[in-house]
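Letter by letter, the chains look like this.
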Amino acid sequence: MDINTNLVENFIAIMPEVLMAVLALAVVYLDLYLPPTQRRTIGYVAGIGMLAIAALALFIPTPSDFNEQLMWGGTIRNDDLAKIFRVTVILIGGLTCFMGMGDNRLRYKSEFYTILIIATIGASLLSAASDIIMLFVALETMSISLYILSGFVRLPQFPTPEEKRFANLSAESGVKYFLFGSFTSAFLLYGLSLLYGFSGGYTNLYEIGPGLVGGEHPTAPIIVALGLVAVGFGFKVSAVPFHFWTPDVYEGSPTPVTSFISVASKAASFAVLTRFMLAVFPPEQLLPEGIQSISYSEWWVQLFAIAAVLTMTIGNLLALVQTNFKRLIAYSSIAQAGYTLIGLVAIATGNNAGDGAAAVAFYMVIYAFTNTLLFGCLILFTNQTGSEMIADMAGLSRRNPWLALGLTVALLSLAGIPPAAGFFGKFLLFRAAVDANLTWLAVVGVLNSIVALYYYLVVIKVMYVDRSAEDNLPIPIAVPYNFVLAATAVFVILLGVLPALVVNLATEAGADLFFLP
Amino acid sequence: MVPLWMYLVVSAALFCIGAFGVLARRNAIAILLSIELMLNAANINLVAFWRYMNPTVINGQVFAAFVFAVAAAEAAVGVALILSIYRNRQTVMVEDVNILKW
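These protein sequence lines map, in sequence, to chains G and P.
FYI, the working numbering numbers position 290 of the first sequence as 290, with every residue one higher than the one before it.
To get the working numbering, take the position in the second sequence, counting from 1, and add 517.
Just to be clear, a hint being listed does not mean it is correct.
Claimed, not checked - Between beta-carbon pairs, the in silico distance windows are:
1) P:Gln-607 / G:Arg-431: 26 to 34 Å
2) P:Asn-615 / G:Met-389: 15 to 23 Å
3) G:Tyr-44 / P:Trp-522: 23 to 31 Å
4) G:Asn-437 / P:Gln-607: 41 to 49 Å
5) P:Ala-529 / G:Val-497: 52 to 60 Å
6) P:Leu-521 / G:Val-8: 38 to 46 Å
7) P:Phe-537 / G:Pro-218: 20 to 28 Å
8) G:Arg-431 / P:Ala-529: 41 to 49 Å
9) G:Ser-387 / P:Leu-521: 55 to 63 Å
10) G:Ala-220 / P:Ala-590: 45 to 53 Å
Think of the hints as simulated: they come from the structure by calculation, not from any bench.
All residues carry an ideal CB built from backbone N, CA and C; glycine is no exception.
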C-alpha cells in the first residue's frame, strides 16, 4: 500500500480542518476584544466563515488513484466520499451557527460557536478517516464536543421557572448523552483493539481487511469484534436497539444543537460506517487476489439488514404516539437512519455495488438539509410561543404562512413526497436494495414510508386546518434566519427537481469506495 | 515470557467488570469510573497486541496514548456535566435523573 507523500497535496487535503481550527480560535479572540454591544458579530463571523470553508472544501481536488488518495501516513483518505460528507457537515455547521444566533441562551456565547466548530472538525475528519486511530480520535472529538453542547444551558443566578426547566432538561440530556455515548464508544474501542490484534498489528483500514482474512484465526473472535464495533456505530447513527438516547437528548438539548446532532453526527457516522465495513470486512469479490479464506461481509450484511428493519419499524411506530414535536422528529430520525441502513446493506451484495454507497451519501445530504430546515422553523416557533407541542402548532399557517410552508416542505421531504428531495433519496435507496437482490428489504422500507406519512401529515393538518385562539398573533422571522430557512428550503426543492446536481458526485463517491488496494 | 492469551483474558475480564459496573451502579460518578475501566481494558489489548504482533511499528502504542488523552478529555467533560446536574437537582443518582421520558 502506497501513501501520498506530496507535502503540498497533503496540506491541501486537510485545509478545511486547519481553517476551521483557526476560525475556532478567532471566535474566542473576538469574544475577548469585542465590546458587549457588538457580540452579535461573533455569530456572523463563525457562520459565514464556516460557509466559506464549506465552499473551499467543495473545490479541493481528489486524486483519482487510490494510492494518491491516502494522505498523512494513511490516516485520511481524500476521495469523493470524504468530499461529499465533509462539505455537507461543514455547511450544516455554518447553518447551525446562524440558528444558534436565534436562541437567547446561545446567541452571545462565543464558546458555543467554538465548540460547535470543533465538533464539525471532528465530524469532517471522521468522514475522511481511513485509520482506526484517526477514526477513534475524530469520533471522540465530535462526540465529546456534542456532550458539552447538549448540556450547554446553565442555570442563571436568579432563574425564572421556565429557565430552570430548560437548564434542567439540558443538563439531563447532556448527562444521558454522555453516559450512553461513552459507554458505547468503549465498546467500539474494544472492538477496534481486537481488530488491531487479529489483523496482525495494523491500524490502517485497508491493511486490516486483508490482514483479517489472511491470518490463521478462528472466526468467532472476529465476529465478536465486528459486533462490538457495530454497537459503537449503531449508537452514533441511532439504530435500534441503541436508539433509546435519541428522543431524550433531542428533546432536552437546545434546538440548534439538536439539529446538529441529528444531522452532522449522523451523516459523518454513516460515512465512516460505509467506509469501515467495506474496507475491513470486504465482500468476496473485493478481496485481494490469492487470498483463499472466508469473507465476513455476510455477517454484517445480515446484522445491519435486521437492524434496518427494526430501526425503521420501531422508529415509525413510536413516532405515531408522540405529542412533542422534537420527540416526534427524534423518532422520525431513527426511522430515517433505518432507511439509510438499507443502502449500507445493499453495498456488499449485488454486482453494481457502488449504488448502495451513493444512495447513502445522497440520502444523508438531503436529510441534512431537510432536518436543518425543520429545526430552523421549530426554533422560530418556540421562541415566540415557548412550546414544542404539536397541538400548539394549530393555526400556524395563519400566524406565519412562510414558516408553515417551510415546515411542510421539510415534512414532505422526510415522508418522501415527490416535489421535495426526500422522494428521490428514498427511490435511490430502494432501487439499490432491489438491484442487490434485497427486494424484501425495499418492500419493508416502502411499507414503513406509508406509516410514516401518517404522522407527518398529521402535523401538516394541525398547522393548516386546526384553529387556535392565537391565530392573529404573527410569528416574526429574524434576520439570519430567513437566509437559513430560504437556503435550505430552496435546496430541498431544487434537489427534488434536479437531483443530478448531487447524485453525480454521490455516484462517484460510491464508486471511489470500491477502489481497494 | 507471559503468553498473549493471558493479557487478553485480563483485559476481557476488566472490560466485563466495567460493563457490569455501568449497568449496575446508580451513582453517575461510579458509572464514569466503570467506563474508564472499559477504556483501559482496550488499552491493555492494544499494548499487548503491539508487543506480540508487530513490535517494530509503534502504531499500537500510539493508539494507546491517544486513548489516554481521549479518556482524560471524556472524564473532564463527564464530571463537568455531572456537576451541572448536581447543581440543578442536588443528586448524582441516575434514577433520579428522569424528567425526560416517553
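Do the hints match the structure? See the list:
1. P:Gln-607 / G:Arg-431: 26 to 34 Å: For Gln-607 of chain P and Arg-431 of chain G the Cβ distance comes to about 55 Å; the hint is violated.
2. P:Asn-615 / G:Met-389: 15 to 23 Å: holds, 20 Å
3. G:Tyr-44 / P:Trp-522: 23 to 31 Å: violated, 59 Å
4. G:Asn-437 / P:Gln-607: 41 to 49 Å: violated, 58 Å
5. P:Ala-529 / G:Val-497: 52 to 60 Å: holds, 55 Å
6. P:Leu-521 / G:Val-8: 38 to 46 Å: holds, 43 Å
7. P:Phe-537 / G:Pro-218: 20 to 28 Å: holds, 26 Å
8. G:Arg-431 / P:Ala-529: 41 to 49 Å: holds, 43 Å
9. G:Ser-387 / P:Leu-521: 55 to 63 Å: holds, 59 Å
10. G:Ala-220 / P:Ala-590: 45 to 53 Å: Violated - the Cβ-Cβ distance for Ala-220 of chain G and Ala-590 of chain P, about 34 Å, lies outside 45 to 53 Å.
Checked against the numbered hints listed earlier, the structure breaks hints 1, 3, 4 and 10; every other hint is satisfied.
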